[in-house]
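Sequences listed follow chains A, B and C, in order. The first sequence stops at residue 177 when you use my numbering, and every number in between is there. The second sequence stops at residue 621 when you use my numbering, and every number in between is there. The third sequence stops at residue 101 when you use my numbering, and every number in between is there.
Just so you know, the hints here were simulated from the structure itself, not pulled from any lab data. Backbone N, C-alpha and C define an ideal beta-carbon position, used for all residues, glycine too. The reader is advised that the hints may include incorrect statements.
Estimated spans, in silico, between C-beta atoms of each pair [as the list claims (entries may be wrong)]:
1. A126/A x E576/B: 30 to 36 Å
2. L109/A x T587/B: 31 to 37 Å
3. E576/B x S172/A: 57 to 63 Å
4. A124/A x E576/B: 53 to 59 Å
Here is what each chain is made of, one letter per residue.
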Amino acid sequence: MEAINNLISQGAVQDVLFWVFAALTLICAILVIANPFSRSPVTSAMFLVLTIISMAGLFVLLHAFFLAAVQILVYAGAVMVLFLFVIMLLDLKEEQRRKIKLFGLVTGLIAVGGIVSVFLKALASAGNGTDAPKLEGETYALGKLLFTQYTLPFEIVSVLLLVAMVGVILLSKRKLE
Amino acid sequence: MKHELFPWLILFLPLISVAVITLFTLRSKMVSSLISIGAVSASFILTVLFIAANGFHPEVPGDVLNWNWLSIDQLNVDFGLKVDALSLMMTLVVTGVGGLIHIYSYGYMHDDRSLSRFFAKLSLFTFSMLGIVLANNFLMMFIFWELVGISSYLLIGFWFEKPSAGDAAKKAFITNRLGDFGFLFGILMVWGLLHSLNFSELQSGVAAGTVTLGASATIAGLLIFCGAMGKSAQFPLHVWLPDAMEGPTPVSALIHAATMVAAGVYMLCRSLFLFDHGALQVIAYIGGFTSLLAALMAMQQNDIKRIIAYSTLSQLGYMVMVVGLNGPTPAMFHLTTHAFFKALLFLSAGSVIMGMHHEQDIWQMGNLRKKMPITFWTFLIGSLALCGVPPFSGFYSKDSILAQAIDQHNYLLFGIATFVAALTTFYTFRLFFVVFLGKEKSKAAAHAHESPFVMTGPLMVLAVFSVIGGFIGITNNFESQFAHEHESLTMMQQLLEPFHKPIPMCLGLGAVAIGFFAAMSIYKDAETDPLPARLGGLSKAMANRFYFDELYEATVIRLHDFIAAVFDWIDRWILEGGCIGLIRGGTDFTGRALRLMQTGNLQTYAFLFVLGVAVLLYFVL
Amino acid sequence: MQVGLHHYLTVSILLFSLGLLGVIMRRNLLVIYMSLELMLNAANLALVSFSRFNDKLDGQVLVFFIITVAAAEVAVGLALIVALYRKRQSAHVEDLTSMKL
Numbered sequence: 001m002e003a004i005n006n007l008i009s010q011g012a013v014q015d016v017l018f019w020v021f022a023a024l025t026l027i028c029a030i031l032v033i034a035n036p037f038s039r040s041p042v043t044s045a046m047f048l049v050l051t052i053i054s055m056a057g058l059f060v061l062l063h064a065f066f067l068a069a070v071q072i073l074v075y076a077g078a079v080m081v082l083f084l085f086v087i088m089l090l091d092l093k094e095e096q097r098r099k100i101k102l103f104g105l106v107t108g109l110i111a112v113g114g115i116v117s118v119f120l121k122a123l124a125s126a127g128n129g130t131d132a133p134k135l136e137g138e139t140y141a142l143g144k145l146l147f148t149q150y151t152l153p154f155e156i157v158s159v160l161l162l163v164a165m166v167g168v169i170l171l172s173k174r175k176l177e
Numbered sequence: 001m002k003h004e005l006f007p008w009l010i011l012f013l014p015l016i017s018v019a020v021i022t023l024f025t026l027r028s029k030m031v032s033s034l035i036s037i038g039a040v041s042a043s044f045i046l047t048v049l050f051i052a053a054n055g056f057h058p059e060v061p062g063d064v065l066n067w068n069w070l071s072i073d074q075l076n077v078d079f080g081l082k083v084d085a086l087s088l089m090m091t092l093v094v095t096g097v098g099g100l101i102h103i104y105s106y107g108y109m110h111d112d113r114s115l116s117r118f119f120a121k122l123s124l125f126t127f128s129m130l131g132i133v134l135a136n137n138f139l140m141m142f143i144f145w146e147l148v149g150i151s152s153y154l155l156i157g158f159w160f161e162k163p164s165a166g167d168a169a170k171k172a173f174i175t176n177r178l179g180d181f182g183f184l185f186g187i188l189m190v191w192g193l194l195h196s197l198n199f200s201e202l203q204s205g206v207a208a209g210t211v212t213l214g215a216s217a218t219i220a221g222l223l224i225f226c227g228a229m230g231k232s233a234q235f236p237l238h239v240w241l242p243d244a245m246e247g248p249t250p251v252s253a254l255i256h257a258a259t260m261v262a263a264g265v266y267m268l269c270r271s272l273f274l275f276d277h278g279a280l281q282v283i284a285y286i287g288g289f290t291s292l293l294a295a296l297m298a299m300q301q302n303d304i305k306r307i308i309a310y311s312t313l314s315q316l317g318y319m320v321m322v323v324g325l326n327g328p329t330p331a332m333f334h335l336t337t338h339a340f341f342k343a344l345l346f347l348s349a350g351s352v353i354m355g356m357h358h359e360q361d362i363w364q365m366g367n368l369r370k371k372m373p374i375t376f377w378t379f380l381i382g383s384l385a386l387c388g389v390p391p392f393s394g395f396y397s398k399d400s401i402l403a404q405a406i407d408q409h410n411y412l413l414f415g416i417a418t419f420v421a422a423l424t425t426f427y428t429f430r431l432f433f434v435v436f437l438g439k440e441k442s443k444a445a446a447h448a449h450e451s452p453f454v455m456t457g458p459l460m461v462l463a464v465f466s467v468i469g470g471f472i473g474i475t476n477n478f479e480s481q482f483a484h485e486h487e488s489l490t491m492m493q494q495l496l497e498p499f500h501k502p503i504p505m506c507l508g509l510g511a512v513a514i515g516f517f518a519a520m521s522i523y524k525d526a527e528t529d530p531l532p533a534r535l536g537g538l539s540k541a542m543a544n545r546f547y548f549d550e551l552y553e554a555t556v557i558r559l560h561d562f563i564a565a566v567f568d569w570i571d572r573w574i575l576e577g578g579c580i581g582l583i584r585g586g587t588d589f590t591g592r593a594l595r596l597m598q599t600g601n602l603q604t605y606a607f608l609f610v611l612g613v614a615v616l617l618y619f620v621l
Numbered sequence: 001m002q003v004g005l006h007h008y009l010t011v012s013i014l015l016f017s018l019g020l021l022g023v024i025m026r027r028n029l030l031v032i033y034m035s036l037e038l039m040l041n042a043a044n045l046a047l048v049s050f051s052r053f054n055d056k057l058d059g060q061v062l063v064f065f066i067i068t069v070a071a072a073e074v075a076v077g078l079a080l081i082v083a084l085y086r087k088r089q090s091a092h093v094e095d096l097t098s099m100k101l
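Pulled out of the complex, with its shape left as it was, chain A reads as follows (with noise of 0.2 Å):
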């Protein structure tokens, strides 16, 4: 108990943790993307459901619990239900059988290669932040933040998505009159 105590004080478990869930999250994501057993949409929506949930592990860990509940209610829970009744809706049936092109992969590993070197270039020359974080009851702060400092972007983002909701009872329509 006592050496268990320790090594969460030292945070060997957060590491510990954060590979797990690094690992999980990348994994899902090759999963969605390219995934050898089933070129079902649906699976693909079922992988990015566990990316997003790993995900908010990962936020966990940062310290950002307002977010990662957020992405679990949002993400994974209205986009991804979004996604999976659009699925269902178009039937895509036909669309499974079709192969990935060896144009696309060659092009997409160029994009590929292409931006991570110069991400990784970034990131060779970018400093590690801080080693001992300090922030401590973020979603307090977060909250306090959003409803000063940005209260007008927030409020802009509500009549967005007041927009996205007319445009899309505008486009789901089938007959514009």
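Keeping the supplied structure of chain A fixed, place chains B and C upon it in accordance with the hints.
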């Protein structure tokens, strides 16, 4: 100086008339012609008032007549007017004779549906001509020189629906361009060597010896003479003038007899101080040769207007010759009297043509004396003045030319001039006998009728001046311009002036008599022209104008066509095919290559977009 | 080895690359859309870790906004896909060539 602004008004009234006619009154022939006639008449009256108030040598104060138009580094060009005896006399001729021709035109062109356009062009011409006359520097003169060229082009081509009129207009314009090209080079040389274009500055500078053309004087002089060669239709650029008779007859009278073709002579007199002996010699011989050539050509023409046109050429040759003999006074004197009697002849010819219902062949006419008495008398007066019968004006001016040749001891040119005088009388009276005497040679001649007063009126006024022009003091004015010291002659002295130098007078009169009797003996009652039978090939050559047009056709125009073909090839294959083709082909190829990028495939776009972002980030980070 | 900013950023980069690969490679519009979500999440992860290791909350606020906007975007985008499918009977990018003239 009183009436300081009058010269500006004189110059710009016709321009205002052009503007008003073209902008507002094109619909109304009556109003347009009244405006145009009014403008030129007003200019004439203002000129007379100005001269009455200031005399022929006004003291010009300060900058009233000068406006600095453009000033670049050393180049200072004024838009200014020069008023002295030379320009004022010329203004009188242009506005006076021009005004009469304007009035005559109203009668002659009455039925033309484009009468307004005609009067607008006439006014434009008057404006340009006054600009040449009043200009106080070479550049301004050149600008108006070109304006005169364009108005001449417009007027010759007035009946542009006739292909021959269009061709004649083009020919006149292009031939003039050749001369003007030389003129422009001459002006550039003057500016380059003398650093001024202003006549007064140049003249005082040359007189004081502060500036000099030096060794290039002859070249510069000849280049400037090129301009006169074009405008005054001197050999070898004489070919356009006879063709210009395609224009309406008043135009022939105004432009191609009285004023525009005189512009060359006027310009030579204006810039006489620039010419050295060598240049003047060339000018004199070209003038003499032209007068002889044109007189010979005139002998075998059958078109009434063409005969007078060649006679104009010949008389212009006289003027140029005497300028070359260092006699600006006789030249301007003859220019003035010539303006009177040649305008008279042209307008009378116009009256004949109208009476004959637009028949111009003299062998279709005959016995018009009875049918058109006023025209008969005015034509006779014009002919007598042209031949130089005393006491008509032509006698005095021609005699002064012959006397100048004797004074300069140039007996070759004197001989040519005397011979030309005989030829002049011969072809003039050939025309006269065939047209007005003898029998009617066609039905039209039998039914000819006299012209209305609006046409005969100007004829009579011009006839009066053709008679008295020789002794009303015209020489005095020019003499006061060109000679350092001169005495004003009374009218009686002027009447008797030729008798001081009996040799040229007697020889000249003898030539006239020979010409007259030759013409009378051959053409008194001729039904057809007997000369071709007697002269054979020579007559044919004369009738065909010594094949100058054919010669130019074979040489100049062929050469031009060849050069044009070469440039056409260069344009087509090197510029068009090579340069433009390469650029076009390159663009086309690039476009085709880039078109492949536009696949319409969303993911290709995403790929390219990401690559772009990567490149951008690479440079930003 | 202590887990630091670099580790999180590496995960973020890898996640982003996977998303990008999906966008370019996959032909199904819906999967492409999901890959887009992956990329957004990668950005979110980077932002949150920046916020954490720089002691500033603004990053998290930004993530909050991104999630909101992403929700709106997904709603509109999916509606578009549905409308497109109705018109073309296909949710396959190769069938959408109206951008080619």
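Tell me the numbers of any earlier hints that the structure contravenes, in ascending order.
1
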